[in-house]
Amino acid sequence: MKTDTVIKNKDNTHAGKEVDSKDILRILDKHNEDRGGLIAILEEIQAEYGYLPEKSLRIVGEETGRSLVDVYGVATFYRSFSLKPRGRHFVCACLGTACHVRGAPRVVEELEQQLGIKAGETTPDWEFTLETVNCLGACALGPVVVIDGHYFSKVRKSRVGQLLDEARKGFDTIELGKDKRIFPINVSCPHCNHSLKDETFAIDGYPSILVNVSSDHKQGWLRLSCLYGSYNFASEFDVPTGLVVSFLCPHCGVEFPSTSDCSVCAAPMVPMLVEGGGIVQICSRRGCKNHILDLV
Amino acid sequence: MITLKINGLDVSVEKGTTLLEAARFIGFPVPTLCHMDGLSAYGACRLCVVEIGEGPKAKLVSSCTYPAEEGLKVRTASARVLKARRMILELLLASCPQSKIIQDLAASHGIRQQRFRQEYEDCILCGLCVRMCEEQMMAKAIGFRNRGEKRSIGTPFDIKSDVCRLCGGCMYVCPACQLRCTYNEPEKAICGACANLTPPCIEKEQFDDMMCYMDPCVACEIEKDK
Ligand code: FES
Ligand code: FES
Numbered sequence: 006m007k008t009d010t011v012i013k014n015k016d017n018t019h020a021g022k023e024v025d026s027k028d029i030l031r032i033l034d035k036h037n038e039d040r041g042g043l044i045a046i047l048e049e050i051q052a053e054y055g056y057l058p059e060k061s062l063r064i065v066g067e068e069t070g071r072s073l074v075d076v077y078g079v080a081t082f083y084r085s086f087s088l089k090p091r092g093r094h095f096v097c098a099c100l101g102t103a104c105h106v107r108g109a110p111r112v113v114e115e116l117e118q119q120l121g122i123k124a125g126e127t128t129p130d131w132e133f134t135l136e137t138v139n140c141l142g143a144c145a146l147g148p149v150v151v152i153d154g155h156y157f158s159k160v161r162k163s164r165v166g167q168l169l170d171e172a173r174k175g176f177d178t179i180e181l182g183k184d185k186r187i188f189p190i191n192v193s194c195p196h197c198n199h200s201l202k203d204e205t206f207a208i209d210g211y212p213s214i215l216v217n218v219s220s221d222h223k224q225g226w227l228r229l230s231c232l233y234g235s236y237n238f239a240s241e242f243d244v245p246t247g248l249v250v251s252f253l254c255p256h257c258g259v260e261f262p263s264t265s266d267c268s269v270c271a272a273p274m275v276p277m278l279v280e281g282g283g284i285v286q287i288c289s290r291r292g293c294k295n296h297i298l299d300l301v
Numbered sequence: 002m003i004t005l006k007i008n009g010l011d012v013s014v015e016k017g018t019t020l021l022e023a024a025r026f027i028g029f030p031v032p033t034l035c036h037m038d039g040l041s042a043y044g045a046c047r048l049c050v051v052e053i054g055e056g057p058k059a060k061l062v063s064s065c066t067y068p069a070e071e072g073l074k075v076r077t078a079s080a081r082v083l084k085a086r087r088m089i090l091e092l093l094l095a096s097c098p099q100s101k102i103i104q105d106l107a108a109s110h111g112i113r114q115q116r117f118r119q120e121y122e123d124c125i126l127c128g129l130c131v132r133m134c135e136e137q138m139m140a141k142a143i144g145f146r147n148r149g150e151k152r153s154i155g156t157p158f159d160i161k162s163d164v165c166r167l168c169g170g171c172m173y174v175c176p177a178c179q180l181r182c183t184y185n186e187p188e189k190a191i192c193g194a195c196a197n198l199t200p201p202c203i204e205k206e207q208f209d210d211m212m213c214y215m216d217p218c219v220a221c222e223i224e225k226d227k
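Protein chains in written order, with the numbering used here: chain A, 6 to 301; chain B, 2 to 227.
Read the hints as simulated data drawn from the structure, not as lab findings.
The C-beta atom is built at its ideal place from N, Cα and C for all residues, glycine as well.
Each hint should be verified, as a subset may be incorrect.
[As the list claims (entries may be wrong)] Rough simulated footprint, nothing fancy, chain A against chain B, three-plus residues with beta-carbon under 8 Å:
1. 136 to 145
2. 156 to 162
[As the list claims (entries may be wrong)] When the alpha-carbon atoms are kept at most 25 Å apart in a straight line, the in silico DMTMM-like pairs for lysine to aspartate or glutamate are as follows:
3. K60(A) to D38(B)
4. K6(B) to D38(B)
5. K60(A) to E132(A)
6. K89(A) to D163(B)
7. K27(A) to D163(B)
8. K60(A) to E135(B)
9. K151(B) to E68(A)
10. K151(B) to E48(A)
11. K151(B) to E126(A)
12. K141(B) to E67(A)
13. K161(B) to D75(A)
14. K151(B) to E59(A)
15. K123(A) to E150(B)
16. K141(B) to E48(A)
17. K161(B) to E68(A)
18. K161(B) to E67(A)
19. K89(A) to E150(B)
20. K123(A) to E136(A)
21. K161(B) to E23(A)
22. K141(B) to E59(A)
23. K151(B) to E114(A)
24. K141(B) to E68(A)
25. K151(B) to E117(A)
26. K89(A) to D159(B)
27. K294(A) to D25(A)
28. K151(B) to D75(A)
29. K60(A) to D163(B)
30. K141(B) to D75(A)
31. K35(A) to E23(A)
32. K161(B) to E59(A)
Same shape as in the complex, but just chain A (with noise of 0.2 Å):
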């Protein structure tokens, strides 16, 4: 099935994105608890921006009392950090033993010759950066190429085309029927019990899930997409990525008693009933994918 309202569900970080002090600090301060987690804030910082900043490893030294060395240490040590740009789409071959034997160096010539570029290296319109690693424990699956988080297995050089344009269009466009683990659901307000499933708006080619939210005295209309397992919405006003936004019911107006932190970035998670008993819960800040779902 084709997705009939086109929504863009992915907040692409491009390269260069200014780095705001603001945006490290708060990252910090989530990590705030556990003064170990160094890796752990620098993948956050990553997964933000794309690579890692001089002026955020800066930050984070300054912040958490490590010393710059030790930062730029760890940062250099693992692979799946980068201190240069990247692209919009990532692409990671594998050149690992058992990935090589099985062809994986033909299939990095390929992708090589079809972006133009070399491994380690970004595409100038800053679409693509590749990168080779060794062995990412799939070995069986080989070769095996990672775009976008994305794992392919048995990766042939004729594939390679095929799979970059699957990449420009991005992988996740919602293809209902195809995964089994996409499927729609009813949802109730936990105050009122009042169905807010909407007939007269769909996403992804079913009836919304309509639900008010506010921040910042601002109040609109937001509706979801009632495929438990795609990410796509619809909302009358542009809420930024990382604002914390409160719930409420169309009909009786309440806002969504909040039972629980999300465990990714500690914001409240809005709960709504699901028809059939059980409960789904939804991280409220914005680009955050945290969700539960409990069946009963």
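Since chain A is already given, all that's left is putting chain B with the ligands on it; use the hints.
Coordinates of chain B with the ligands only, in the frame set by chain A:
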């Protein structure tokens, strides 16, 4: 107190003493390269290997990091130890043949041949300078970067560090001793006194209250002459 046997002699040492300290205490020489009094043990060069245990269980350990154990039997100069040491030296010599310190050590261990390709590295990653900078100079301006083949020592981002006071302590302890002789980019190199007849610290007054480890220091000699 812990009693152990070194080369058949009983020694009693305090808990926490390393095998190296115990051996030197009763007078058995053990060569070292990455060990220095006043700096923490690191165990990078393996030159200080000794053999512990007996029979098939005997094994080689680096004495600078191995703490003394009750009843331990240690040999500091068995055939196996000497063979291992010579191999280590030969490898060190191959990676850094220009180092006077390594040349001397190799010569004193009777190394007369070079079977490996000479690499002329300017660093053997012994970590002396890193520990000097952190533990004695309290600066932490330099450290290890990257890993594997690409491992190197230097400042973050390869630019002059804000916390470096140009004390020269790192060069003072360096067994490969290359940095001293590469003064060409004032922003990066530390002093380079030996390569310069007018070292930077003579003119710039900000060097005034810096601790300096150059010995002999060309700059100071020039000042004295005036
Ligand atoms: S060698 Fe490629 S996954 Fe292990
Ligand atoms: S002196 Fe013991 S390993 Fe270098």
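Hint-by-hint comparison with the structure:
1. 136 to 145: Result for this restraint: holds, n = 5.
2. 156 to 162: holds (count 4)
3. K60(A) to D38(B): Answer violated: K60(A) to D38(B) is near 37 Å, above 25 Å.
4. K6(B) to D38(B): Measuring from Cα to Cα gives roughly 23 Å; hence the hint holds.
5. K60(A) to E132(A): The given pair, whose Cα atoms are some 24 Å apart, holds under the 25 Å limit.
6. K89(A) to D163(B): holds (22 Å)
7. K27(A) to D163(B): It holds: about 23 Å lies between the C-alpha atoms, which stays within 25 Å.
8. K60(A) to E135(B): holds (23 Å)
9. K151(B) to E68(A): Not OK: K151(B) and E68(A) at ~29 Å, beyond 25 Å, violated.
10. K151(B) to E48(A): holds (22 Å)
11. K151(B) to E126(A): Holds: K151(B) and E126(A) sit about 18 Å apart, inside 25 Å.
12. K141(B) to E67(A): Given pair K141(B), E67(A) holds - Cα atoms ~13 Å apart, limit 25 Å.
13. K161(B) to D75(A): holds (16 Å)
14. K151(B) to E59(A): This hinted pair holds, its Cα atoms lying about 20 Å apart.
15. K123(A) to E150(B): Judged against 25 Å, a Cα distance of about 20 Å means the pair holds.
16. K141(B) to E48(A): holds (24 Å)
17. K161(B) to E68(A): Satisfied, since the Cα-Cα distance of roughly 21 Å is no more than 25 Å.
18. K161(B) to E67(A): Within the cut-off at roughly 17 Å; holds.
19. K89(A) to E150(B): holds (20 Å)
20. K123(A) to E136(A): holds (8 Å)
21. K161(B) to E23(A): holds (24 Å)
22. K141(B) to E59(A): Distance of about 18 Å is within 25 Å: holds.
23. K151(B) to E114(A): Roughly 23 Å between the alpha carbons, so the hint for K151(B) and E114(A) holds.
24. K141(B) to E68(A): Roughly 16 Å between the alpha carbons, so the hint for K141(B) and E68(A) holds.
25. K151(B) to E117(A): holds (23 Å)
26. K89(A) to D159(B): Judged against 25 Å, a Cα distance of about 14 Å means the pair holds.
27. K294(A) to D25(A): holds (22 Å)
28. K151(B) to D75(A): Holds, at about 17 Å.
29. K60(A) to D163(B): The hint holds at about 14 Å.
30. K141(B) to D75(A): holds (9 Å)
31. K35(A) to E23(A): holds (21 Å)
32. K161(B) to E59(A): Roughly 14 Å separates the two Cα atoms, so the pair holds.
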